[in-house]
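Residue numbers (my numbering), protein chains in the order written: chain F, 56 to 359; chain E, 56 to 359; chain P, 3 to 247; chain H, 3 to 247.
None of these hints come from the bench; they were simulated from the model.
The reader is advised that the hints may include incorrect statements.
Cross-link-like lysine to aspartate or glutamate pairs, in silico, EDC-like; alpha carbons within 20 Å at most [as the list claims (entries may be wrong)]:
#: 1; chain 1: F; residue 1: K258; chain 2: P; residue 2: E99
#: 2; chain 1: E; residue 1: K351; chain 2: E; residue 2: E175
#: 3; chain 1: E; residue 1: K335; chain 2: H; residue 2: E6
#: 4; chain 1: F; residue 1: K261; chain 2: E; residue 2: E163
#: 5; chain 1: E; residue 1: K211; chain 2: E; residue 2: D256
#: 6; chain 1: F; residue 1: K333; chain 2: P; residue 2: E99
#: 7; chain 1: F; residue 1: K258; chain 2: E; residue 2: E337
#: 8; chain 1: E; residue 1: K333; chain 2: P; residue 2: E122
#: 9; chain 1: P; residue 1: K13; chain 2: H; residue 2: D232
#: 10; chain 1: E; residue 1: K258; chain 2: H; residue 2: E6
#: 11; chain 1: E; residue 1: K333; chain 2: H; residue 2: E6
#: 12; chain 1: E; residue 1: K211; chain 2: E; residue 2: E163
#: 13; chain 1: F; residue 1: K261; chain 2: E; residue 2: D69
#: 14; chain 1: E; residue 1: K261; chain 2: F; residue 2: D228
#: 15; chain 1: E; residue 1: K258; chain 2: F; residue 2: D228
#: 16; chain 1: F; residue 1: K261; chain 2: E; residue 2: E175
#: 17; chain 1: F; residue 1: K351; chain 2: E; residue 2: D256
#: 18; chain 1: P; residue 1: K154; chain 2: P; residue 2: E79
#: 19; chain 1: E; residue 1: K258; chain 2: H; residue 2: D20
#: 20; chain 1: F; residue 1: K150; chain 2: F; residue 2: E58
#: 21; chain 1: E; residue 1: K201; chain 2: F; residue 2: D228
#: 22; chain 1: P; residue 1: K13; chain 2: P; residue 2: E79
#: 23; chain 1: E; residue 1: K261; chain 2: F; residue 2: E344
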Amino acid sequence: MGELSVTLSGLTLDNPLIPASGTFGYGFDHADFFDVNEVGSFSIKGTTLHPRSGNPLPRIAEYGGGMLNAVGLENPGVHAVIRDIFPALSKVYHKKVLANVSGFSVEEYAKCAALFGREEIVGLIELNISCPNVHGGGMSFGTDPKTAASVVEAVKKVTKKPVYVKCTPQCPDLLTMCRTLEAAGADGLVLLNTFLGMRLDFKSGKPILANGTGGVSGPGVFPLVLQRIYEIYPKVNIPIIGCGGVSSARDVIEMMSAGAAAVEIGTQNLTDPLSIIKIKHELPLLLRELGIKELKNITGRAFR
Amino acid sequence: MGELSVTLSGLTLDNPLIPASGTFGYGFDHADFFDVNEVGSFSIKGTTLHPRSGNPLPRIAEYGGGMLNAVGLENPGVHAVIRDIFPALSKVYHKKVLANVSGFSVEEYAKCAALFGREEIVGLIELNISCPNVHGGGMSFGTDPKTAASVVEAVKKVTKKPVYVKCTPQCPDLLTMCRTLEAAGADGLVLLNTFLGMRLDFKSGKPILANGTGGVSGPGVFPLVLQRIYEIYPKVNIPIIGCGGVSSARDVIEMMSAGAAAVEIGTQNLTDPLSIIKIKHELPLLLRELGIKELKNITGRAFR
Amino acid sequence: MTGEYTCVIRKHELTAPDTYTLLLEPEQEIPFRPGQFIDLAVPGFSLRRPLSVTDCEGGTIRLTYQLTGPGTRALSEYSGETLNILAPLGNGFLLPERGEKLLLLGGGIGTAPLIFLAREALKRGCQLTAVFGFRSPDRTLFQKELAGLDIKTFLCYDSEGENVVSVLKKEGLAGIPFAACGPIAMLWAVDEVTQAPGQFSLECRMGCGFGACMGCSVKMRSGMRRICKDGPVFDRKEVLWESFR
Amino acid sequence: MTGEYTCVIRKHELTAPDTYTLLLEPEQEIPFRPGQFIDLAVPGFSLRRPLSVTDCEGGTIRLTYQLTGPGTRALSEYSGETLNILAPLGNGFLLPERGEKLLLLGGGIGTAPLIFLAREALKRGCQLTAVFGFRSPDRTLFQKELAGLDIKTFLCYDSEGENVVSVLKKEGLAGIPFAACGPIAMLWAVDEVTQAPGQFSLECRMGCGFGACMGCSVKMRSGMRRICKDGPVFDRKEVLWESFR
Ligand SMILES: Cc1cc2nc3c(=O)[nH]c(=O)nc-3n(C[C@H](O)[C@H](O)[C@H](O)COP(=O)(O)OP(=O)(O)OC[C@H]3O[C@@H](n4cnc5c(N)ncnc54)[C@H](O)[C@@H]3O)c2cc1C
Ligand SMILES: Cc1cc2nc3c(=O)[nH]c(=O)nc-3n(C[C@H](O)[C@H](O)[C@H](O)COP(=O)(O)OP(=O)(O)OC[C@H]3O[C@@H](n4cnc5c(N)ncnc54)[C@H](O)[C@@H]3O)c2cc1C
Ligand SMILES: Cc1cc2nc3c(=O)[nH]c(=O)nc-3n(C[C@H](O)[C@H](O)[C@H](O)COP(=O)(O)O)c2cc1C
Ligand SMILES: Cc1cc2nc3c(=O)[nH]c(=O)nc-3n(C[C@H](O)[C@H](O)[C@H](O)COP(=O)(O)O)c2cc1C
Ligand code: FES
Ligand code: FES
């Protein structure tokens with residue numbers, strides 16, 4: 056195992072860099088730029104039981120700290136992913152993926168997770184209870200700990216794969232949420248999904264996104280996410296994957312210092328498709344500068 | 056009245072640009088750069104009943120979308136402000152100020168507000184129930200609508216000046232908070248104070264700010280603040296002063312389009328002390344581009 | 003090969019009102035087809051700006067862009083020596099067969115990718131007619147350039163009460179195979195008045211520009227399609243205009 | 003007058019390991035006193051970077067800065083032609099009277115403002131002694147420059163087991179009025195071993211640099227003081243070292 060390797064609930068990644076769900080498709084698009092096997096793992100586009108066509112255009116806006124999106128979980132559905140996408144993916148990608156699952160009912164989460172749980176390529180299940188861009192589902196599971204716990208319990212019954220839950224900053228009491236998820240059997244946490252926000256068009260004064268609001272991501276949210284990881288890490292005993300605003304190798308070090316065992320990178324994959332490669336090359340230099348041998352020893356350094 | 060003028064609860068400002076509390080001192084420091092009478096009004100540094108020396112250094116950190124601060128309400132106390140600062144200020148500044156008041160008890164808020172309420176130079180009282188950087192006070196008033204309402208009621212009893220309440224994004228249910236404040240007699244809202252966040256030092260891995268966490272401000276929070284204003288504007292009947300991440304004349308237009316009657320500018324006054332002047336010069340050009348005669352007609356344009 | 007390239011700025015100047023010409027020379031030659039685009043990193047902005055290739059000769063990429071908002075404004079004021087791009091992106095126009103007729107319909111800055119298409123089609127000995135519409139005569143783009151090429155050209159102006167669609171009808175061009183780029187309203191109207199086969203180059207706000215984010219995915223007749231990767235050029239039979247309202 | 007100035011970059015180069023010299027020429031001459039600083043906007047960063055003036059001659063501001071983090075790194079790679087500053091900021095050193103003795107105590111990049119002070123003090127016919135400490139000989143700053151001035155100079159190196167404080171004691175300099183700038187630990191130690199009047203130039207993370215934000219306010223003997231506006235130079239009697247722990 057190299058100096059960058061980390062372990063998530065028994066799943067060893069040769070590096071902690073995980074492209075975040077929705078910013079790496081199903082792995083094929085970044086392959087135009089680099090060998091996608093360079094990533095530690097990646098999280099597939101949020102997948103639901105049935106195909107979804109998502110929100111109308113515009114789905115994207117920009118701001119001084121990154122971007123907003125309201126894609127609305129467009130995806131071909133779990134069956135098509137397993138039948139068509141995974142076989143094609145296995146030909147070019149030889150590591151595991153995080154199966155990012157979204158749903159509109161406890162049953163939907165459980166069904167999707169059960170199906171993904173049988174797939175060799177799936178390293179762990181990432182329950183997205185936090186998408187701000189769909190109505191009636193997604194995020195509502197992310198704001199109420201009881202509902203969220205019921206999702207975890209249902210999913211744990213149907214799969215042996217580690218189950219990680221991706222939380223939303225819109226949750227009014229994130230600490231209680233995380234502890235409840237741990238108690239319900241979650242194997243790990245992903246902190247965090249996007250922040251609710253919006254932009255208005257200069258000329259018309261109306262919302263830019265067809266959906267009105269969208270999810271804010273990118274460097275602008277980094278210190279907010281970092282604070283949540285720092286707050287929650289000492290209070291739970293399951294691993295945290297940090298996610299939000301990471302755009303450099305220094306950010307990776309900082310997020311792991313706050314308690315993250317691995318790091319998801321989203322917006323930066325769009326800004327610069329080669330960012331993961333660049334960060335991966337810089338990490339060993341930073342480790343040397345810090346006099347630290349193994350990256351995994353950085354996790355939770357703030358508390359030592 | 057010029058094309059930029061706006062009115063807040065009977066107080067007319069010749070332009071809607073208000074340096075935010077804590078980023079303009081008591082008005083003397085920016086006077087090194089321009090005639091401070093150019094601002095619409097400004098909000099004085101958060102003032103408490105007794106002098107406070109604030110937090111230890113470091114109080115400041117930076118991030119990709121702006122800055123973090125944990126000044127911790129350093130101020131000379133309401134008596135010194137009234138006795139020493141206001142008389143000196145009146146010599147160079149001939150408009151009104153927003154008296155930003157913080158407290159650790161309902162009584163403290165009321166006492167400060169009563170004292171400020173008697174001052175000619177005070178145009179309106181801005182109750183800061185939202186400072187994330189002091190313990191035991193400040194923000195705790197901002198997260199519970201009942202406590203917040205009791206502050207407003209107590210203050211309304213002791214002053215005839217308009218009372219605006221500056222809310223915190225850390226409030227779990229901001230809409231209920233705002234409606235409760237309106238019902239309690241608040242004359243207006245200031246949305247929002249800083250977002251809770253933190254940074255860790257690259258070398259040590261420990262928090263940069265001596266206080267651990269700090270308040271995040273600057274362009275990175277703009278779309279988050281905008282969404283809250285857009286959400287709350289149609290649900291209340293009192294004016295909203297927008298605050299958070301404004302750094303350009305276009306941002307002013309956008310925030311007013313979402314419902315703000317005026318706009319506070321914080322971090323940008325530090326990044327560029329002349330920003331208010333630059334924005335003030337650009338606003339008329341943008342109005343012309345939009346074919347809108349009076350800036351105040353922009354307020355709430357998103358809903359028309 | 004699709005990749006990230008650092009380009010030296012060879013020329014960057016105002017060539018029409020609010021319109022800049024930018025010549026970029028990448029480290030190595032990038033093969034482009036007409037209708038493809040690049041995604042340009044504007045320093046200080048998170049998202050890249052997609053720009054169609056106006057032409058590509060001897061390895062130098064010509065871009066033509068209009069001041070639209072803060073990003074293009076910052077680009078026009080950029081004083082560095084290099085710029086970073088992703089390229090080539092998207093599928094270009096299907097080129098006409100040797101000697102075929104082709105009608106080029108361009109509105110405003112949408113005329114840019116048609117210049118590249120025109121040059122390639124001329125190389126194949128095609129017979130070209132261009133109808134280019136602008137807001138007013140002072141905003142005409144590529145007038146000289148068109149004059150130097152063997153293209154029958156109609157220029158029309160909103161300010162004179164004419165536009166691409168009205169000229170199309172008046173001149174009886176509605177039966178010629180076409181390639182069109184411009185504002186959605188114009189394209190939609192073109193679709194309604196023409197009968198021949200045709201292609202539309204579409205645009206929308208993009209997240210990545212290379213297919214990863216679904217930010218540009220839109221309902222087409224054959225299903226959801228990403229404008230960046232499955233387009234930006236689409237056969238007229240594919241486009242559902244309601245998706246662009 | 004304190005203000006915002008756009009400066010042309012006259013020189014910008016690596017002059018010692020990790021250390022750059024930057025010469026800026028503002029639109030109009032800015033009067034500086036030794037110990038004052040400028041606040042430099044690094045494109046792409048929200049907060050400005052405070053830098054002491056190393057010297058100011060004929061209207062050209064000399065800055066010397068060390069690579070510390072992302073901001074100074076970006077500055078060192080900046081390829082534009084101008085930079086924006088706020089200046090002059092802070093109160094400088096109290097200059098010694100004509101003919102008086104002055105001891106200059108500098109650690110690392112903290113030697114920078116002492117160069118300006120030295121030149122001004124020499125103009126007043128003062129007798130100067132400098133003790134400058136660095137991590138190792140290859141990191142020495144201003145060696146040639148000092149050699150050209152009439153200053154009795156001691157250079158010392160951590161790598162050789164010596165530092166400013168040990169030299170101060172060894173050479174019996176602890177009774178001479180001093181001006182010191184460098185790491186807090188060094189300044190504190192200086193305060194403990196010297197008996198003469200002295201001034202310290204302090205630094206900390208700043209929000210504004212001109213007094214508006216209280217980001218640099220710290221407890222001193224006479225009360226809370228802003229390092230940016232009430233300093234950065236303070237009389238030794240003012241400083242409470244516990245505030246800098
Ligand atoms: C495939 C394609 C090719 C294009 N080719 C050209 C060209 O050759 N010349 C040219 O001038 N313009 C072209 N555009 C449009 C150009 O990308 C936008 O004008 C530009 O991105 C606006 O950026 P801004 O910051 O100035 O405007 P803003 O409105 O401030 O931009 C904010 C955000 O919206 C996006 N955006 C705004 N308008 C558009 C738009 N019309 N299309 C796509 N994204 C937009 C921006 O990229 C940015 O992410 C093309 C667009 C696409 C999709
Ligand atoms: C009055 C004054 C004069 C100074 N003069 C010089 C000089 O002449 N030459 C020189 O090399 N350095 C000087 N410094 C220190 C210099 O400002 C910092 O090294 C620089 O800001 C670091 O920026 P960075 O982005 O590289 O580091 P980062 O650590 O990434 O900076 C992050 C934030 O912390 C602040 N910061 C970090 N270190 C310091 C520090 N030591 N002091 C103040 N702020 C800091 C930065 O300004 C920025 O806001 C001076 C500081 C002050 C206060
Ligand atoms: C275009 C886009 C699409 C996204 N789609 C999903 C998704 O399908 N499922 C999910 O869990 N998160 C989704 N996210 C959120 C990201 O996975 C990530 O949590 C967020 O962007 C914060 O990380 P960042 O700041 O590094 O981008 C999406 C984000 C973006 C920008
Ligand atoms: C250094 C600093 C000090 C601040 N002090 C106060 C304060 O005393 N009282 C208050 O209500 N808000 C205070 N704030 C918050 C600002 O007034 C403003 O709400 C916040 O910075 C968001 O606006 P911005 O993004 O434009 O900076 C402070 C902000 C900064 C950056
Ligand atoms: S813009 Fe990302 S998929 Fe097209
Ligand atoms: S840095 Fe703002 S007051 Fe000193």
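Against the structure, the hints:
1. F:K258 to P:E99: 43 Å, violated
2. E:K351 to E:E175: 26 Å, violated
3. E:K335 to H:E6: 17 Å, holds
4. F:K261 to E:E163: Given that 20 Å is the threshold and the Cα spacing comes to 42 Å, the pair is violated.
5. E:K211 to E:D256: 44 Å, violated
6. F:K333 to P:E99: The hint is violated at about 44 Å.
7. F:K258 to E:E337: Status holds; Cα separation ~15 Å.
8. E:K333 to P:E122: 48 Å, violated
9. P:K13 to H:D232: Roughly 49 Å between the alpha carbons, so the hint for P:K13 and H:D232 is violated.
10. E:K258 to H:E6: 33 Å, violated
11. E:K333 to H:E6: At roughly 12 Å apart (the allowed maximum being 20 Å), H:E6 and E:K333 satisfy the hint.
12. E:K211 to E:E163: 13 Å, holds
13. F:K261 to E:D69: This hinted pair is violated, its Cα atoms lying about 26 Å apart.
14. E:K261 to F:D228: 24 Å, violated
15. E:K258 to F:D228: 31 Å, violated
16. F:K261 to E:E175: Between F:K261 and E:E175 the Cα gap is close to 40 Å, so the pair fails against 20 Å, i.e. violated.
17. F:K351 to E:D256: 18 Å, holds
18. P:K154 to P:E79: Cα-Cα ~36 Å, so violated.
19. E:K258 to H:D20: The given pair, whose Cα atoms are some 17 Å apart, holds under the 20 Å limit.
20. F:K150 to F:E58: 18 Å, holds
21. E:K201 to F:D228: 18 Å, holds
22. P:K13 to P:E79: Holds: P:K13 and P:E79 sit about 13 Å apart, inside 20 Å.
23. E:K261 to F:E344: 16 Å, holds
When each numbered hint is compared with the structure, violations occur for hints 1, 2, 4, 5, 6, 8, 9, 10, 13, 14, 15, 16 and 18.
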